[in-house]
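Engineer: Listed here are the chains, written in short residue letters.
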Amino acid sequence: MSDKGQEAKNHQDQQPVLECKNLSISYYTRAGEIPAVVDFDVTVYPGETIGIVGESGCGKSTVAMAVMQHMGVNGAIVGGEIFFKGRDMTKMSADELRHLRGSEIAMIYQEPFASLNPSMKCGEQLMEVPLFHEDITEKEARDRARQILADVRLPDPDRVMESFPHQLSGGQQQRVVIAMGLLANPSLLVLDEPTTALDVTVEAGIVNLIADISQKFNTAQIYISHNLGLILETCDRVFVMYSGEVVEEGTIDSLFTWPRHPYTHGLFGCIPLPTADKNAAPLKPIRGQLPLPHERPPGCNFGPRCNYFVGGRCDAQAIPHEHVEGSAHDHFVRCIRAAEIDHEKEAPGADPKPPMELGEQVLSVEHMRKYYELHDNSIKAIMAGERTKYVKANESLNFSARRGETVAIVGESGCGKSTFAKVLMGLETATDGRVVVEGQDIAYTPVRKRKPQRIAALQMVFQNPFDTLNPSHRVGKQIGRVIRRFGVEQDPKKIRERVFKLLDIVKLPRDFYYRRPRQLSGGQKQRVGIARAFAGNPAMVIADEPVSALDVSVAAAVTELLMDIQREQQSTLLFISHDLSVVRYLSDGIVVMYLGWIMERGTTEEIFSPPYNPYTEALLSAVPIADPEVTKREIVLEGNLPSVMNPPKGCPFSTRCPRKIGEICDNEPPPEREVSHGHVITCHIPIEELKEVPPVINVPSDEERKHRKQQAQATTD
Amino acid sequence: MSATVEAEESATPQHRSALRQFFGSFLLLRESYIGMVGAALVIFWVVMAILAPFLPLYDPLETLEPFKGIGAAAQDGGTYWLGTDHKGRDILSRIIWGSQRVLIWASLATVTAYIVGMLMGCMAGYLGGWVDEVASFLANVLLSFPVLILYVIIITYLGASGVNIIIAVTFTTAPIIMRIVRGIIMDLRTRDYVSAAQTRGEPNWYIMLVELLPNARGPLIVDACLRFGYTVVAIATLGFLGLGLPPPAPDWGLMIKEAVPLGSFAGHTMILPAIALSSLILGFNMLADGLREISLRD
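Chains V and D supply the protein sequences, listed in that same order.
Numbering of the first sequence is given in the working numbering, commencing with residue 152 and proceeding in unit increments.
Numbering of the second sequence is given in the working numbering, commencing with residue -18 and proceeding in unit increments.
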């Protein structure tokens, strides 16, 4: 990382690609003018990557749109200037801008499928770019397109050229989109959350590619993300935005090592870094929520949520964005008190919590299988006598959970984790095997045939906060229905009382009883979802990615809440997630799944240290960690997730496995090998060999950290 | 954790009754010019229909003096504001009493069609499988007939009466409503709140009627306005063809039909009910447009 920082400094004598000065952008809506971005300054040099990080609604995408000069009918630049290579973009005509876009500035959006035209072959779409912007023949354009596809490391460019977008996987599509962006050799590439829609291991490949682009093409990049870990892996300089303002900027090194703004600090407290622990060092959520753009407080926007807020100073006037004594020369902070606050000393660590006592076994899954039958009615299938196809969503699952335990099921899309949840909830029935909950096999009992107490004992928290509550009914009614349904209470008055109590537990005001879901924020909805799940005193709660759609600071609060209630109620928590850092933070046991198989299961420490299943190893390496001190061994998987419709014959991971040992992997299903009691790896490679693998993630000890910090401090001074 | 107790505090509480909320959303119509005009037209006719018994009108069925022009003086000292028709009946009275009839039967017919269509759509969309196939097949069969022919077949078979108009309109309209509802429900049924209801073992009727249907109301309200207008057209058409409400009751379609042969020398007897009919249909269409416009905003 440090050599990247050096590189950035050497740019100073070049002409900047992009310069924004005091940029302010507003949107005009029914409610009047809403300032989305205020006083934004940035200078981007060739080959440099700028990261903009912030929570939703902080204005980071608006900046990107302003750079493209594409803000929709109701957006406008109300102050400041944008210079592109010395020319003022705000004064350019529509024609000039059209030529700039696509050839000089390219943008890559979040959703790759929505960025490609589904009715055109990828090759044709790529060729359009040079054909429009340059005066070249079709053959030259085709060669260029083919070359660029190879440059973004697509394995079979010729096939991709002839493919329609829907024939490619998400990762491949995003590579095509990036290729399209690079095709005209732009000076500036704007990436707006380019990997958010992708799976972790696929994301790792794209991030790797993006990091290479600046070196290969000397393209300046603006990388927008909500994920500090990704920013750390891709950028040279970071801008932290909060409520329309940049609150802190600096090089990766200085900002990640010495964050100065209380908000930046708060953000780091919200991310489950490897140093966080659910008992000893819990997450410290930022209290309150993002102010609405037209309700920003006077002075510092972060004031009402800040622990260091001093009335009369922080809310007196607009806070300047300044260099702070004691930081690197290019480190700026928008905080009056930045120089006074000693974060290391004053940071009030969240109180440690007592560890949970694990009780008796509550859930036991034995050789559970779930196949979906598909009927293929094509003539070809009938001729071949293969009319019925099976989608093997779950292949022989084995694991167990105890009372009070948190077991995480980790895997990428299509790994079968949601199917398993459906079987457990009774929305589907298993094909084979046993699922025993509190002594009763429920694998073949659909939910309608279960007794109310049994249903109540097994509840679920859903992923999407915007979907989890019925928009037509009041919050109180929705929770009350659960209580009545499960026979906890029947009397309407008592039901009301109980709903009030549940609202207390999830830390929502009681008058939320009368609210409709659209009056709630995402985090509040998710809290109601949790209250609903715990309304029937469940023995086990399944949480399906409960915080993945929430902003970092809100996610931390919801995670902590979920853990607190679980602790109180002694429930077992099955936590389904794709995010290993969250999982590491909160779970006692982990089950790693891939294409319907359990690849590895064991306690959290066992999963995070060798021996690893090769897939676990790749997954660990792929997860971005927002801590520059933590070093990772880089493993980038080739290829794509195979389709569930057509999985590999032997080991499901054999098509992408970097440790594949031979034909046995392709042809034979791997055996379960027990490393120690409860730690099982499904792999053909003998355990002894896997034990030799060095750890993927290296977390330095506290002393090492201190030592390194001092050294770094000495060099900057 | 204590610092986060009051996490995510909220805006002012709003307990609004369902009625006030309804009027609140109605006030949003102010933002749509077209919607306002539409609402004004519809409300005008509704008020006329309600006030019909209390207005100082001639009996719509009584024969007075035939072929009087607009504003002609009557023998008894009154005025025929809109003249009289070939049988000497007061046109103003017939139009206003006609509005009452058309509005009553159109609402009954539309509501019946909606109930049938929504139930079928809910079942087809939520249950899927063979239920969906049967329902969709039936809908396709009904929709494959030209609407007018279907009307004529049903009415000639059952006879002309108010109830049979309801049946005819239900047969032709319910399949369309079913398709709309089915589409919306198929989209809604994958939502998490439906899964939540399923995982607590709610019966199908509860999920369909309580969890799903209320969320389909947005597009359905817009469609209901349009559909109401179409039903008015249908009733007028049937009246014009002589298949509507039996004479001599004042029926706009019938009034137009009776006046057509006389159009050359007593044009007002034909044009006035035609204007009434068009204004009501136009009102419903504009109201629907306005509602759609404001629902697309935000």
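Some clues are possibly wrong.
Quick list of simulated restraints, FRET-style, between CB atoms [to be verified]:
(1) D:115 - V:182: 23 to 29 Å
(2) V:248 - D:202: 54 to 60 Å
(3) V:837 - D:112: 53 to 59 Å
(4) D:24 - V:224: 31 to 37 Å
(5) V:549 - D:185: 30 to 36 Å
(6) V:628 - D:14: 34 to 40 Å
(7) D:85 - V:224: 43 to 49 Å
(8) D:112 - V:655: 39 to 45 Å
(9) V:856 - D:185: 54 to 60 Å
(10) D:14 - V:481: 51 to 57 Å
A few chain V positions that, by computed beta-carbon distances, are all more than 10 Å from chain D [to be verified]:
(11) 543
(12) 606
(13) 610
(14) 614
(15) 621
(16) 648
(17) 780
(18) 807
(19) 845
Just so you know, these hints were derived from the structure itself, not from any lab.
Just so you know, these numbers come straight off a predicted model, no measurement behind them.
All residues carry an ideal CB built from backbone N, CA and C; glycine is no exception.
Engineer: Now tell me if each hint is right for this structure.
Structural biologist: Hints and how they fare:
Range check, residue 115 of chain D to residue 182 of chain V: about 49 Å between beta-carbon atoms, so the 23 to 29 Å window is missed. For residue 248 of chain V paired with residue 202 of chain D, a C-beta distance near 42 Å fails the hint of 54 to 60 Å. For residue 837 of chain V and residue 112 of chain D, the Cβ-Cβ distance of about 55 Å falls inside the hinted range of 53 to 59 Å, so the restraint holds. Range check, residue 24 of chain D to residue 224 of chain V: Cβ separation about 33 Å, and the 31 to 37 Å hint holds.
A hinted range of 30 to 36 Å holds for the C-beta pair residue 549 of chain V and residue 185 of chain D, which are about 34 Å apart. For residue 628 of chain V and residue 14 of chain D, the Cβ-Cβ distance of about 37 Å falls inside the hinted range of 34 to 40 Å, so the restraint holds. Under the hint 43 to 49 Å, the C-beta atoms of residue 85 of chain D and residue 224 of chain V, about 45 Å apart, fit the expected range. Under the hint 39 to 45 Å, the C-beta atoms of residue 112 of chain D and residue 655 of chain V, about 43 Å apart, fit the expected range.
In this structure the hint that residue 856 of chain V and residue 185 of chain D lie 54 to 60 Å apart at CB holds, the actual value being about 58 Å. The supplied range of 51 to 57 Å is met by residue 14 of chain D and residue 481 of chain V, whose beta-carbon atoms lie about 55 Å from each other. Every CB of chain D is more than 10 Å from the CB of residue 543 of chain V (nearest about 23 Å), matching its label as outside the interface. Under the 10 Å C-beta cut-off, the non-interface status given to residue 606 of chain V relative to chain D is violated; the minimum distance is some 5 Å.
The Cβ of residue 610 of chain V sits about 7 Å from the closest Cβ of chain D, inside the 10 Å cut-off, so the non-interface label is violated. Against chain D, the non-interface label of residue 614 of chain V is violated: not every CB pair exceeds 10 Å, the least being about 7 Å. A beta-carbon of chain D comes within 10 Å of the beta-carbon of residue 621 of chain V; the shortest separation is about 4 Å. No Cβ of chain D comes within 10 Å of the Cβ of residue 648 of chain V; the nearest lies about 19 Å off, and the non-interface call holds.
Every Cβ of chain D is farther than 10 Å from the Cβ of residue 780 of chain V; the closest lies at roughly 27 Å, confirming the non-interface assignment. Residue-level check passed: residue 807 of chain V sits 30 Å from the nearest beta carbon of chain D, beyond 10 Å. No beta-carbon of chain D is positioned within 10 Å of the beta-carbon of residue 845 of chain V; the least distance is around 38 Å.
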